[in-house]
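Enquirer: With the sequences and hints as input, model every part of the structure.
Protein chains: 2
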Amino acid sequence: MSDPFHQLDSTLTQVWQRLARGTKDRRAATRNPTLATVGNMGPQARTVVLRAVDPNAKTVEIHTDRRSLKVAELTKNPNAALHIWDAKANLQIRLRCTATLTHADAEKWAQIPENAQRAYGGSPAPGHEIPRPDAHDPAPNRDDFTTITLHITEIETLHLGSDLHRRARFAAPSWQGHWIAP
Amino acid sequence: MSDPFHQLDSTLTQVWQRLARGTKDRRAATRNPTLATVGNMGPQARTVVLRAVDPNAKTVEIHTDRRSLKVAELTKNPNAALHIWDAKANLQIRLRCTATLTHADAEKWAQIPENAQRAYGGSPAPGHEIPRPDAHDPAPNRDDFTTITLHITEIETLHLGSDLHRRARFAAPSWQGHWIAP
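From first to last, the protein sequence lines are chains A and B. For the first sequence, the residue numbers in the numbering used here are -5 to 176. For the second sequence, the residue numbers in the numbering used here are -5 to 176.
It cannot be assumed that every hint is accurate.
Given that identical chains are not distinguished, each listed pair holds provided it fits within a single copy or across any two copies.
The calculated SDA-like cross-link candidates involving lysine to any residue, where the alpha carbons are at most 20 angstroms apart (straight line), are [said to hold, decoys possible]:
1) Lys52 with Met35
2) Lys82 with Gln8
3) Lys102 with Gly121
4) Lys52 with Gly36
5) Lys82 with Asp19
6) Lys18 with Glu108
7) Lys82 with Arg25
Don't read these hints as lab results, they were simulated from the structure.
Expert: Okay, structure coming up:
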């Protein structure tokens, strides 16, 4: 079997397959990407959970609390980056994105298990100082449930092969790939 | 043995111990943090290798090619974030930093094994389009060797415990910790 990372088109196929796996397999490296945004005092980066992927629309979806800093940041500046380092595959995936936000989506909210709904809502709001770790009252609240849809405009890959480091870039709207110097 | 993440001071100690481990142990989660910067078109995030840690100076060090995009970005805007997700420890470490750059450091260059020096220099420069993955000529060049020193101004941790999610923030100059809502 030929190495998929030796060709541009199969490299891009790998990206979409691995992103799709991240929405289903808790152990996939694509399950927990790092979301980077631009904050008031510089860049911010945090782990998020990949909730959905649409290869046709070129979007990925994550969920958060409406009162979190990333919602404020993306409201002000919708440019975002999603980053994955898959150590087992020796593969880095970098997605350049623009975010749109949807608040309190009733249909999506209904699909979230009751226990997981506790991640949205609660008092005080995320990031607020509390006297003790348990001084936080989880109170699931659909109004605080925000869907972040990331519209991907560019994909960059770096595969550390045994022979070579292969770096490639794919950009909307053609998504034609190009090799770039590592 | 009590859980170190149940107390603020031992949580901070864990961060510094784990960062130090990342400079020595290739398998430590802290070996390959994600560096986020602010680019012309939004945030950028990529995997880097942790080269040195100084808990007294509150700095960490990474190495790169002078012609890389991150050098241009940090020259323009020195604000940076370093992000680590340690899946085994259920621990997220977020470092807010300011970067200073040093070019062509002779002493550090001399300590880099010859084979590893190939990561700095080479033609064409990183990110430039090439016709094939092997259309890149590695040519070690000390002039292209850049040290990025990240001066940490804030540390945020999130530990996903079996009972509670514990989130804490520590900031210069006192580094006194505070619990914050997860």
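Enquirer: Please go over all the hints and tell whether each is borne out by the structure.
Expert: Hint by hint, here is what the structure shows:
no.: 1; hint: Lys52 with Met35; verdict: between (30 angstroms within a copy, 19 angstroms between copies)
no.: 2; hint: Lys82 with Gln8; verdict: within (14 angstroms within a copy, 25 angstroms between copies)
no.: 3; hint: Lys102 with Gly121; verdict: neither (25 angstroms within a copy, 39 angstroms between copies)
no.: 4; hint: Lys52 with Gly36; verdict: between (27 angstroms within a copy, 18 angstroms between copies)
no.: 5; hint: Lys82 with Asp19; verdict: both (15 angstroms within a copy, 16 angstroms between copies)
no.: 6; hint: Lys18 with Glu108; verdict: within (19 angstroms within a copy, 43 angstroms between copies)
no.: 7; hint: Lys82 with Arg25; verdict: both (14 angstroms within a copy, 14 angstroms between copies)
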